[in-house]
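Engineer: Residue numbers (our numbering), protein chains in the order written: chain L, 79 to 192; chain X, -10 to 103.
One or more hints might be untrue.
[To be verified] Below 25 Å or equal to it, Euclidean Cα-Cα: the simulated DSS-like pairs (lysine-lysine) are:
#: 1; chain 1: X; residue 1: Lys67; chain 2: X; residue 2: Lys95
#: 2; chain 1: L; residue 1: Lys135; chain 2: X; residue 2: Lys67
#: 3; chain 1: X; residue 1: Lys67; chain 2: L; residue 2: Lys120
#: 4; chain 1: L; residue 1: Lys156; chain 2: L; residue 2: Lys120
Hints listed in this document are in silico derivations from the structure and should not be mistaken for laboratory results.
Each chain is listed here by its residues.
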Amino acid sequence: EPEVTQTPSHQVTQMGQEVILRCVPISNHLYFYWYRQILGQKVEFLVSFYNNEISEKSEIFDDQFSVERPDGSNFTLKIRSTKLEDSAMYFCASTGRGRNQPQHFGDGTRLSIL
Amino acid sequence: AQTVTQSQPEMSVQEAETVTLSCTYDTSESNYYLFWYKQPPSRQMILVIRQEAYKQQNATENRFSVNFQKAAKSFSLKISDSQLGDTAMYFCAHSGGSNYKLTFGKGTLLTVNP
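Working from the sequences, and respecting the hints, build out all of it.
Structural biologist: Below, the structure written as structure tokens:
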């Protein structure tokens, strides 16, 4: 069964550095999402992306964050200047055929800010 | 805005027994979907079951079934014949609106004891 792939699985970065989290959604999917889960807390929506633009973003998704689909297969989340509170698990998800279809999640990237 | 509430932070059940996890939600959407996701210690997000709000029939998936009470905005998950591999965090989630982003509850940690 096709999968959503995320790399790296674990990223350790110094505070203030830029980090790029990468995702390869399922190939025929059209709608893409990023979610964040701080350790021990619930999963929170960050941003949705469709037709090469952001369709919705949460309050968490401030100017430090950006998303891109640079080459038709990868879907990236960039954090420009990381803070300690950005330490979390970041999940990419995608869905196809319609936004009402179940979202398929990647295995996540654990981001640790030192 | 959508909210999802899981009032049971932790539950335990004996192997082969049945357990029910509770979830209530609030939504302004007329067309929406409800999900249960499982998150084992590896922290993957695995779809367990999906319910379309316009369908009165409760969804079932092998040992997993839901009790969907639309008027009460309740969506509980029943796991029959519990197995050790069912030990995980279970998240209830709502999807709706123009982008069908997922809104998660805080989760219930289920432990299946031998």
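Engineer: State for each hint whether it applies.
Structural biologist: Hint check:
1. Lys67(X) with Lys95(X): holds, 18 Å
2. Lys135(L) with Lys67(X): Violated, at about 33 Å.
3. Lys67(X) with Lys120(L): holds, 21 Å
4. Lys156(L) with Lys120(L): holds, 21 Å
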